[in-house]
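Visitor: Chains as they are written, first to last, in the working numbering: chain A, 17 to 904; chain B, 17 to 904.
Fair warning: there could be bad hints in the mix.
You can't tell identical chains apart in this list, so a pair holds if it fits in one copy or across any two.
Quick list of in silico lysine-lysine cross-link-like pairs, PhoX-like style, CA-CA up to 25 Å [to be verified]:
1) Lys444 <-> Lys493
2) Lys440 <-> Lys681
3) Lys659 <-> Lys686
4) Lys681 <-> Lys659
5) Lys659 <-> Lys679
6) Lys681 <-> Lys443
7) Lys246 <-> Lys741
8) Lys847 <-> Lys784
9) Lys246 <-> Lys784
10) Lys316 <-> Lys741
11) Lys440 <-> Lys686
12) Lys440 <-> Lys679
13) Lys332 <-> Lys317
14) Lys317 <-> Lys450
15) Lys756 <-> Lys76
16) Lys686 <-> Lys443
17) Lys741 <-> Lys76
It should be emphasised that the hints constitute simulated quantities derived from the structure, not laboratory data.
Keep in mind the model is a prediction, meaning the values are calculated, not measured.
Number of protein chains: 2
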Amino acid sequence: MAKTKMIYFFGDGKAEGNAKMKDLLGGKGANLAEMTSIGVPVPPGFTISTEVCSAFYENKRSYPAGFASELKEHLGSLEKLMGKKLGDANDPLLVSVRSGAAISMPGMMDTILNLGLNDQATVGLGEKTGNPRFAWDAYRRFIQMFSNVAMGMKGEVFEAILEKIKADKKVELDTELDADDLQKVVTEYKKAYKKHMKSDFPQDPVEQLQKAIDAVFGSWMNDRAIHYRKLNNITGLLGTAVNVQSMVFGNFGDDSGTGVCFSRDPSTGKKVFYGEFLMNAQGEDVVAGIRTPEKLSSLKKRNAAVYDELEAIKDKLENHYHDMQDIEFTIQQGKLFLLQTRNGKRTGPAAVKIAVDMVAEKMITEEEAIGRVSPDQLDQLFHPGIDPKMKKSLSPLAKGLNASPGAATGQIVFSAEDAEAWAKDGKKVLLVRKETSPEDIGGMVAAQGVLTSTGGMTSHAAVVARGMGKPCVAGCKSVVVSGKAMSVDGKKFKEGAYLSIDGSTGEVFEGELELVSPKITKDLATFLGWADKVRLSAKREGIAGVGFQVRTNADQPADAKVARKFGAEGIGLCRTEHMFFDEGKLEIFQEMIISETAEARADALKKLLPLQKKDFKGIFTAMEGLPVTIRLLDPPLHEFVPKTAAEVKELAAKLGIKPAQLKAKAEALKELNPMLGHRGCRLGITYPEIYDMQVEAIMTAACEVQKSGKKVHPEIMIPLIGTVKELQMLRANAEAVIEKVLSQKKMKVDYKIGTMIEIPRAALTADKVAASADFFSFGTNDLTQMTFGYSRDDIGSFIGDYLDQGVLPRDPFQSLDTEGVGQLVSMGVEKGRSVKGDLKMGICGEHGGDPDSIDFCYRTGLNYVSCSPYRVPIARLAAAQAVARSKK
Amino acid sequence: MAKTKMIYFFGDGKAEGNAKMKDLLGGKGANLAEMTSIGVPVPPGFTISTEVCSAFYENKRSYPAGFASELKEHLGSLEKLMGKKLGDANDPLLVSVRSGAAISMPGMMDTILNLGLNDQATVGLGEKTGNPRFAWDAYRRFIQMFSNVAMGMKGEVFEAILEKIKADKKVELDTELDADDLQKVVTEYKKAYKKHMKSDFPQDPVEQLQKAIDAVFGSWMNDRAIHYRKLNNITGLLGTAVNVQSMVFGNFGDDSGTGVCFSRDPSTGKKVFYGEFLMNAQGEDVVAGIRTPEKLSSLKKRNAAVYDELEAIKDKLENHYHDMQDIEFTIQQGKLFLLQTRNGKRTGPAAVKIAVDMVAEKMITEEEAIGRVSPDQLDQLFHPGIDPKMKKSLSPLAKGLNASPGAATGQIVFSAEDAEAWAKDGKKVLLVRKETSPEDIGGMVAAQGVLTSTGGMTSHAAVVARGMGKPCVAGCKSVVVSGKAMSVDGKKFKEGAYLSIDGSTGEVFEGELELVSPKITKDLATFLGWADKVRLSAKREGIAGVGFQVRTNADQPADAKVARKFGAEGIGLCRTEHMFFDEGKLEIFQEMIISETAEARADALKKLLPLQKKDFKGIFTAMEGLPVTIRLLDPPLHEFVPKTAAEVKELAAKLGIKPAQLKAKAEALKELNPMLGHRGCRLGITYPEIYDMQVEAIMTAACEVQKSGKKVHPEIMIPLIGTVKELQMLRANAEAVIEKVLSQKKMKVDYKIGTMIEIPRAALTADKVAASADFFSFGTNDLTQMTFGYSRDDIGSFIGDYLDQGVLPRDPFQSLDTEGVGQLVSMGVEKGRSVKGDLKMGICGEHGGDPDSIDFCYRTGLNYVSCSPYRVPIARLAAAQAVARSKK
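Here chain A stands alone, though its shape is the one from the complex:
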């Protein structure tokens, strides 16, 4: 049997891997191999595969047989190519050891640099380079990093030693320490190591390397990494790869430096060569955000040749990968090295612009472009901004970097824990930090937005916030954070004060500002147009020639108009009960509920009829020409009855009855499990007069709007059907009312009568139910509640444990459980269509706006999804992607 290859070499223009081997070599390793192959200057090295990581965890953190010898062999090749040996006393080879999974997890896993140094090699390095200060600085950095990352010592121990030696010498900056000082630092570091680890700092470079590899693999399962994967729904990976690469130094002097660049602006998408660098620095200095870096343009002044070479490489890489690249580079003594390239993360607006531009540049096709913007990124384009009218009259309190677009407003807090605690109490907060670190992720999730006082566009805060689609202003230097307060130019703001930030401009404002939603840009319209082209090309049963549609859930004409502007092709769910909560209507509805006789109920309903009719006329007018699915009354009646004594007293007075009588009625209506109680079509069966009134209001409204010249397509939807008998009876009742209205009005209206499929039994017997239905709408909220036996209102007490312990991969109310609930949906579709081949089917649960769920809905054969108005464009894209995916 062939031995599985565990390690892949790259260097000298040749590589054993390539860009397609991301699953095996991680994104970084695969691209290092690819770049090497296409002639980009990359320091040689090798990649230990993710399969080794997987085996490491399967075998209780030990390595597969033969690993040690394969490692030795590749290290030998690297030493031969470089003409240097690890730990050599005269001219030592130094390597970096870095993580790199198939999906980028920035800052989540460990890295060790300058590995291979020991006491002797440091002296040799100093002599060889003629720069002992550099050698001692590299050694002290290595000890600190190795001790922290590989051995678990706290970084503060080493910070304290460094600070003390600087204080002793009365200097402030590390750079003010000379070689002797740094040698002293090393001596103290080693002492500290021995004190904590009860052994000497390892001098054997092979031992160092093995421990570093252990640490990187170990970091795959650290809490931060696990949390990050859960947050980003990253599943199914084997593990991380480990990249061992010969070191190049950006901190070799003023002719050295390091930087990060993007082939286009990751914030706006503009086609500009965009990046930052620091001279005489290592890469970590740029990412950590401790020093504020220079713009790439100033590199041209410092070293035009290197700049030109970098620019040419950037173009080469973008053309090679057909996507915007995020590139890490180091200049060592005037020579350029590329350390990493990957498809760059970008904001939503940038993703759209880059996709549209690249189609114009003929770099990608329209259909490829659709896949370049994730629905979550598109969502960012619909994030609110600060009301421009208000903004005109304001001057910002401070200005930082526009690190992640969108505006946010809230009360300021100064730690991730506080952000989470305040948010849990229902408060909207802004997280203000000097800089963020991976420990702050939970707080960033909880906050409306993030504001940092240091760090650049590629700092932790900026990168992570963009990934989350969370507004962020970074590097806002005038903000001084101190404990649980901050000040700007002497003005103090305590915890809980209101601030607003605009992550698209970098501005910070005092107070709680009004936010507004953005408009659809030309690029966005173009992009969504392509998405619609794909989406509407889908072949669907049920509605001929109109593809896979997107409708909206809207109860008010205003919402309907917004949704229509965003491209909704109809209303998938208009909840009539929300209308009853309006001023003026609630009281009449309550009067109806507490009626003791059918006559009294009829009187109250007669008063409601014209009001309901008005509601429906508004909706029909707003949705002219498009179908409108109206769900008849669904919630149990007790939801409309007052709960507190004061409310009872007030209503009783209005209705002219005794509070005790009203209280008794409310008591009688109470249910132990209202979710499974007297609601939906069960109300329609026991109080047919309520549904009769609603149907009369719908049809009268439809006639009147149609008479005014507007086309109407009402779809009457009966909720909570569990048996076909319910639907048969209620359909017959509705048809009688409709017949009455239409014959009175002497009109014809194109109407449909259908049902929700939201009770498991309805899905199980969908072949029976279909016989009486013109359409099905899957109510996946209730279907999820009943299929799992989870009350959405009560799930809070255990869902946290369930997600943390991996019982559930995701909250099934956010993303449809395709395995269980999805099985019922599929069954409903199949059984329904077995009876009526062209039965129109859609989904109106909250899942209708979730991209993964939309994909499932398409695969299952639904005709449309329906979601909230602001999710409509996102659903249009997700639907297009689902269609495109299914073609493959």
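Please arrange chain B on chain A, whose structure you already have, making use of the hints.
Guide: For chain B alone, kept in the frame of chain A given last:
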């Protein structure tokens, strides 16, 4: 195309129908034809088929084409055979028009007698028979019956006329009126008819016949008949047939009479010729219970020849039908006619005795015998009786007929409405009536038992009560009912007073007596032995060679012992939470619940451990050698927390905490939909220490009982699984505890770990779940709740409407909904077995005791059902019948 035959003739030893044509001719019609064919003297006539009834309703109460001519033709044949003509002025033919469906519905539908009389024919009949009084009496009866039944007039109108004429003549009995008086009655009746109907009483006998047929068909859909069919789950019938039969008269004089007899005693099953008759009376007089009839034995004295003929016919019929016969006969002027025979209704004890005796007589096989006792009848044998020790010292207040066996105790009420209203308020009532009528059925259902002061063993009260398995004492003459009170020998009992009745002896006692359950008789043991033989012969997957088993749901050793005595083959469901409600345990459990830390919780659980262990030792000991399925904690924790302020205060004091603290904890635990909340295995995931304690208690108890030499087979059942991950995790936890206990005890115990399938998702993913389960137990209570979306606690507000309007054929919590819920059960079985062919499966919902559901469970492939201890014998029979049925 052949015309469908609508009417079937019988008479003169030949018949167009036979006993197998019950669906078409109804039970009565089919048997009249059969009796005619085998030479039993039956008055000739014809039967209009149930297909005509069905067509009648399909065509808006009109008849199929050709019906009138077919009717005319058959009437002609009858007239020819009888040598008389309907309405003939000299010698008129008189006919009865009776209903008769395929399934007997005694007293529910309409009958008209003496049809064919008019003014002229009555005179002719008087002359021909030489008995004008008889003729005028027949006519006045006919007018009254026809007007009431066919024309909808109130009977009271006629009663009033009759009473007035009797008063005028100063007589009390109808028999004291002579021909002239009756002619006067007829004149007044006809006046009343004209006044109410605005037309003369119809003189055309063909018109009379048609109206009578209309009325009988119409009575198929009267409220009583609909109610009766619903109560008895009678579905799928076409309608009723109509039997038109030449009249014979039991009221022709003292040499005439009418009666009802059974080929064996329907109350005890003894092989005695049993019956009642009244001389000079029509059949209605016997059934109505107005006069108390004579025992059959006295017929022998009155007319030995007729008695002998009747006895011979009875034997002939029983031998012909191989079942106990219920026979109606009339003697007209010394000549015997049979009017009806059918398989007789019988009590449970009679059903068992007759079945066992007939096997001994080689009349039927053992397997046929099993089908002769319905599970509901068997249930009657397990009805309580009055504690014999107590009874010894009591003398009865009164004694009536032992009309329906079993004892009952309760507060007396005097109308069906009151019985229903009081029962609704949770009171146990006895319905006391002079006599019952079909209008009283609702009250009889609601009552514990029925006591009547008039009427015989075949009176309405007796027949209906036996059918319901409801204790009944009938014809208790010393009871005088007056308004809402009764008196016995001058002693008065008002509404609400407590009485007890023993329907097996006919005794009535004062006060509320203790009831006890009966023992298993030898016949019953024999019968159940046959049932078990069939049941255990069933081939089942899962448990080799043990057939289709019956287990019990029991939480206490006492219950377990009762169930074992009744034949339970294991415990299918032992609910551990019931144990926590015991004195002493509840407080510790509450302490555990309100614990703020895992340590405090552990302390409380440590205290509970020995108590739980003791519970389990008791159960294991009682069920020695049999499997015991123990369900880990299922209900949400708030069920154990006090609700009222007083309870909170008391518990807080005991636990040494502040009431506010306890109240806050209780508030925090509250749920909007507890049924879908934090319960079952969700508790096991969030508080693993609770399940760990329970598993430790189970296994320690198992070890200790096994050490004492008794075999134990614990089956640990994890409730409310929705995902296999839950089961995997909880199984791993349980196995760790088990390993610990067994290694400490150095023992091996035969244990299993399985799960409930009660969440729809568990059934849908049963192939995944099966991988981690040793057994499945279908929890069809919860499965029904979630599949329908019905809260069992809240269903009351609409289930009445749902059953009344036919949305649901039966309450799905009483009889498993095979179409919907059953689909999930089947899916669970199939998917589970697709992974583990021998996966043991059972049902532990309440459905496990319902015969129809047991049949479904067998067909679906389950290994066992589990039900309450007292249902075990019924389930054994139902299981045997299911097995026998599936062989056909």
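Visitor: If the cutoff is 25 Å on CA atoms, where do lysine 332 and lysine 317 land: within, between, both or neither? Let me know, please.
Guide: For lysine 332 and lysine 317, the Cα distance is within 25 Å only inside one copy (22 Å; across copies 124 Å).
Visitor: As a check of your reading, is lysine 246 near lysine 784 (CA-CA no more than 25 Å) within one copy, between copies, both or neither?
Guide: between (41 Å within a copy, 23 Å between copies)
Visitor: With identical chains, the pair lysine 440 and lysine 679 could be close in the same copy or across copies; at 25 Å between alpha carbons, which is it: within, between, both, or neither?
Guide: between (34 Å within a copy, 22 Å between copies)
Visitor: For lysine 659 and lysine 686, with the copy left unspecified, which applies at a CA distance of at most 25 Å: within, between, both, or neither?
Guide: For lysine 659 and lysine 686, both the intra-copy (10 Å) and inter-copy (17 Å) Cα distances are at most 25 Å.
Visitor: For lysine 681 and lysine 659, with the copy left unspecified, which applies at a CA distance of at most 25 Å: within, between, both, or neither?
Guide: both (11 Å within a copy, 22 Å between copies)
Visitor: Under a CA distance limit of 25 Å, which applies to lysine 686 and lysine 443: within one copy, between copies, both, or neither?
Guide: between (31 Å within a copy, 24 Å between copies)
Visitor: Can you tell me if lysine 440 and lysine 681 fall within 25 Å by alpha carbon in one copy, between copies, both or neither?
Guide: between (36 Å within a copy, 19 Å between copies)
Visitor: How do lysine 847 and lysine 784 come out at 25 Å by Cα distance, when the copy is not named: within, between, both, or neither?
Guide: both (8 Å within a copy, 24 Å between copies)
Visitor: For the identical chains here, do lysine 440 and lysine 686 meet the 25 Å Cα criterion within one copy, between copies, both, or neither?
Guide: For lysine 440 and lysine 686, only the inter-copy Cα distance (19 Å) is at most 25 Å; the intra-copy one is 29 Å.
Visitor: Which holds for lysine 246 with lysine 741 at a C-alpha limit of 25 Å: within a copy, between copies, both or neither?
Guide: between (44 Å within a copy, 17 Å between copies)
Visitor: Are the CA atoms of lysine 444 and lysine 493 at most 25 Å apart within a copy, between copies, both, or neither?
Guide: The answer is within: 24 Å in one copy meets 25 Å, while 82 Å across copies does not.
Visitor: Between lysine 741 and lysine 76, at a C-alpha cutoff of 25 Å, which is it: within one copy, between copies, both, or neither?
Guide: Result: close only across copies, 22 Å inter versus 59 Å intra.
Violated hints, listed in ascending order, are 10, 14; each of the other numbered hints is respected by the structure.
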